[in-house]
Amino acid sequence: MIISKIIELLTLGWFCSNSIRRYKVKNAVLTSIFFGLLISSPLKVFAEEAPEESEVFEIVGGAVVGGDAYDEIMVEEGFSGDVTLGGAGVATNRRSSKFGEYTGLDDDQGFVVGSTNLSYYRQGYFMNLQSEDLGLDNRSIFLESGKFNDYKLMVSFSQIPHLLWNESKTPFDGFGTNNLTLPSGFTRSTNASGITFSGVRDADLEVDSRDNLDVNFLKSFGNNEIRLGFTRVTKDGIRSLGGVFGTNAGGAKSIILPEAFDQKAEEGTITFSHNGEDRQIQLEYFVSLLDNKIGSVSFEDPFQGSLAFGAGTVPDAGVISRAPDNQYHRFSLTGGINLPKSTRISGIMEYGLSVQDEDLLSFSSGTGLGLLPRRTADAKIQTLHFSLNATSNPLPKLTTTAKFRHYQTINDTPKTIFLAIINDTGSQVDSSNTRAIFNLPYDYIQDKFNFDVAYRILPSTNFKMGYDFNLLKRDFRAVESTVENTFKATLRSHYFSWVNANANFSYGERDGENYDAFRVFETRHTPEFVTPGSFDAVPDLRRYDIADRSRLKVGTNLHISASSKLDFGISYNFLEDDYDKSVIGLKNSQNQTVAVDANYSLGENGALFAYYTYEDGESQQIGRSYNPFVPNAAFSINRNWEVLNENIGNTVGIGVNRSYYEGQLTFSADYSFSQNISDFSFRTGSSITASESLPDVRSTLHRFQLQGEYLVTKAVSIGMNYLYENLSYDDFALDGFDPSAGSFNNNLILLRGDITDYGAHVGWLYAKYHFGT
Amino acid sequence: MGYFLNQFKLKNRKILISILTLVFVLGIAIEAFAGKKVNWSAINPLMKGATSVGLSSMEDDETECFLCHKDYIKSFGKTKHAKAYIAKHGEGKVGSSCETCHGPMSLHLKEVGITGDSIPNPGIKIKAKHVVSFKKISPMAKNAICLQCHEKNSVLQWRGSAHRDSGISCDNCHYVTQRKGKRGLLIKEDPKKVCFQCHREQKSKLLKISRKPLREGKQDCSSCHNPHGSFGPSLLKKATVNETCYMCHREKRGPLIWEHAPVRENCSNCHDPHGSNFIGMLKQKAPYLCQQCHMDVFHSSSLYGSSQLNSADSRLIGKSCMNCHSLVHGSNHPSGARFQR
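Chains A and B, in that order, are what the protein sequence lines are. Just so you know, we're using my numbering here: the first sequence kicks off at 1 and counts up by one. Just so you know, we're using my numbering here: the second sequence kicks off at 774 and counts up by one.
One thing to keep in mind: the hints can contain errors.
For lysine to aspartate or glutamate, the following DMTMM-like pairs were computed, each having C-alpha atoms within a straight-line distance of at most 25 Å [unchecked claim]:
no., chain 1, residue 1, chain 2, residue 2
1, B, Lys965, A, Asp516
2, B, Lys821, A, Asp278
3, A, Lys464, A, Asp616
4, A, Lys473, A, Asp412
5, B, Lys976, A, Asp670
6, A, Lys152, A, Glu277
7, B, Lys965, A, Asp291
8, B, Lys1010, A, Asp211
9, A, Lys448, A, Asp301
10, A, Lys464, A, Glu484
11, A, Lys488, A, Asp540
12, B, Lys851, A, Glu144
13, A, Lys565, B, Asp944
14, B, Lys955, A, Glu709
15, B, Lys1025, A, Glu144
16, B, Lys953, A, Glu480
17, B, Lys953, A, Asp577
18, B, Lys961, A, Glu132
19, A, Lys581, A, Asp540
20, B, Lys810, A, Asp577
21, B, Lys861, A, Asp577
22, A, Lys768, A, Glu132
23, B, Lys861, A, Asp616
24, A, Lys293, A, Glu267
25, A, Lys581, A, Glu709
26, A, Lys581, A, Asp516
27, B, Lys955, A, Asp670
28, B, Lys861, B, Glu884
29, B, Lys1056, A, Glu692
30, A, Lys768, A, Glu77
31, A, Lys473, A, Asp511
32, B, Lys861, A, Glu76
33, A, Lys341, B, Asp844
34, A, Lys147, A, Asp214
Derived from the structure by calculation, the hints contain no laboratory data.
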């Protein structure tokens, strides 16, 4: 009681005092009234110490029937669940990071099998201990304990390895640090072909993520709750990163770096909730602090000599920036209230603030900080989100839903001109140079309105129509605002108890204000540089995220219970985005999927299942090759080229699970096959050299799994699992470009080659102890 | 708090004030009408006049239900649901919760022949009409029953959500009277399979070459989506796609000196978070993905086809454009305008 009063007063006082300090008085009064009313409602309940046993019904009496069977139907107390312990082994035909991508199992090895699914309950108090894959690098442990309807403490630990690439090679020393140096005796060369790769070393790429500590505490006070949360996450490892020299003209040279990655994030949440029967309010503050220990990577240059096109001398070293430390704060106020006619109004107000103010690096490794326009990033983005939803049944057969959403970013990062140092070695450019560039603090505002009406035309059959209005305003883009109007219709029926079907259709058109291809160019560069008629991108280009577009979506979903044993389902989805007003850029994309599944019940003894998915995605995009040496090239359709891409996916699965001897022996087997083929073909204008199709990007995966478990005694079972996987992946951009094989391109030294195909077997043997049997 | 409020520009303060005013007015307007319970006779008209027999006689009510529904109640007693319920509503036996979900029982007891000290004959089979059975009621009715207790926290936005409007009921995904999954009383042990009941087309994404760790159980659909409704697009947990991605990819949120506009706005402009045949979960293979927006003089406007592959063009092989423009998510380097530093 006293605590609740103190919280009430503190909360109100907090808002009021800060509002008055920061706002004008009239705004402060309004804000205080709003928050006061909103918060006082739940706090009133809070203060009155809501009864622990709130009744759901009005009680009028009950029958009196004797019986001594109570004990049998008591809620089960004590331990329940199981603990599993065993061993397993992996055999692969070839070490592959792709097989162990998220488990760490990339090679022949053994590991311990361990997991728990353990619960304890006694007189309102409970404890759950769940853990998975304790013997693997993707282990997780979750422990929760508390008293129902009173308090709960949750602690968890989880880690996810992410093996990115094996068989990578690098010539660098300092692997795993932010300073990559070339070994003594390394012979630099003008071109990659002149570099000797005999000294390259293995550099496996992997980033591990660990939720080292995730603690949440929840305390209930009647219908009110307070939740406190804290999380610490670390990520570290090695990734690949392009390190380029010659950052001005087209003759750049690049070496792919093994980039050290080492981050820590700490996050906290405090949430207050009032969960009344008819109204709910949730107030939350969230903070996330990212500490990136690798702020930059410096790397020596394996190349030497001059860059092409007179772009200068190749520098001895480069420095590339990495993600800076940042912090994010979010306040949110969410609420909902139920009204007559099954009406509910709910809404959210969120305010977010992202801040980043790291010290800036110098323009190049050889220049001082005095050349910078400012010393720190001073980057700041606020976000404001407001949504209001209302849904109602004004008539028994009629449901209406209206939603409004406002979301905006407020980018307060200063817009400044940065006068670059060309190619790390040159002098600082003046404001008339192409490399004198303003950073543009992008912003956008979204206002979205949606209205749906659904009417029950037959028993269990609804027809719904809807309209969406979506307005997006953007700063520093070729289109300042776009409006998308979408009309939707859905027919849904469960008229026959054995059929559940729906069909939906939507069509939307997005129109923008005049596409000004020069706007960004003119804003990004100085007036001294921008001359009439100059541009960077082809003026006919329409960037697809802001281009005019028509979108057609059609879908249907059918689920049939053909008999008490056979279930059958089929889905079809089609989506087409048409950018018919775009001359250059993405013209069209289509995606359709057909998915079928069937399940045949074998009664209590198991089931057979099968599924098949067909995916077909197609896109068409047009480019125009141009350079200043060909007059009017940027406007010549003879210089157009077209990429036609088609992605076909076929996935099949079939399986069975069975039990024998009244569940004493359980068995399951399933097989999946997935093949995805991406095809690229080209058409060219008369002034462009024709191109043949590229080899397909193709992945094929076979996966077979067997599981069996036998209940030896009431409390102990033994089990075995077997998994076989076989993957092959062909990618024209990777295959055959293995860095250990030497150079194949004068301007590029790769770190890795193809993804390693594999065939892998895994076998598990384990024993499981069951509690509470 | 004062620091954050101070960050607002005047025009943004006006927007905030307008929003607050709107919410305030709405709050006042709706205050007078709030408050409803489940209308059992609307769900089953034959229950009109039924009264509760439950909580006033905690020692007895469950026995009545137990007489006919023994196995069902025993199974229910093993669930977290049952334990949480009796903790909330007092000591007693499992059956005291029956009326919460099946409605007031007075007429049902009467129809099965339990009156006063009379009990039904063993083995009696009767077609009960004066009770709410989940097998016979509409999804909306089922949901209303569950929302009596669960309209809070992550279920705050259920009404008006895409799933609710699609005629989904709670028991399509949850099974409350038996423990089948490890968490959430889901009807399947594997949470993904619950979603795949309807979203069949997503199942194949798990087997793509570039994917998230769903197969290993390190994530599931609810890592990003809130199936109970949200204020974000596509039932995402957060207000935008990007805010959802930043839950794990914190280093991408910046803000940075050199922002890449479509990146700042929506990660899914370039990535397919459900899986892809291209490395990096990209929607299209580079350089063609980049060339959908970048068509500048010289190399970014060139066609990269078979002859460029034969010559191992550095814009086509390896990381393609990202061999040099490696910081496509944005750069904080003063020389990072072209995302090379």
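Worksheet item: Which numbered hints turn out to be false for this structure?
Response: When the structure is compared with the hints, numbers 1, 3, 7, 9, 11, 15, 16, 17, 20, 21, 23, 25, 28, 33 turn out to be violated.
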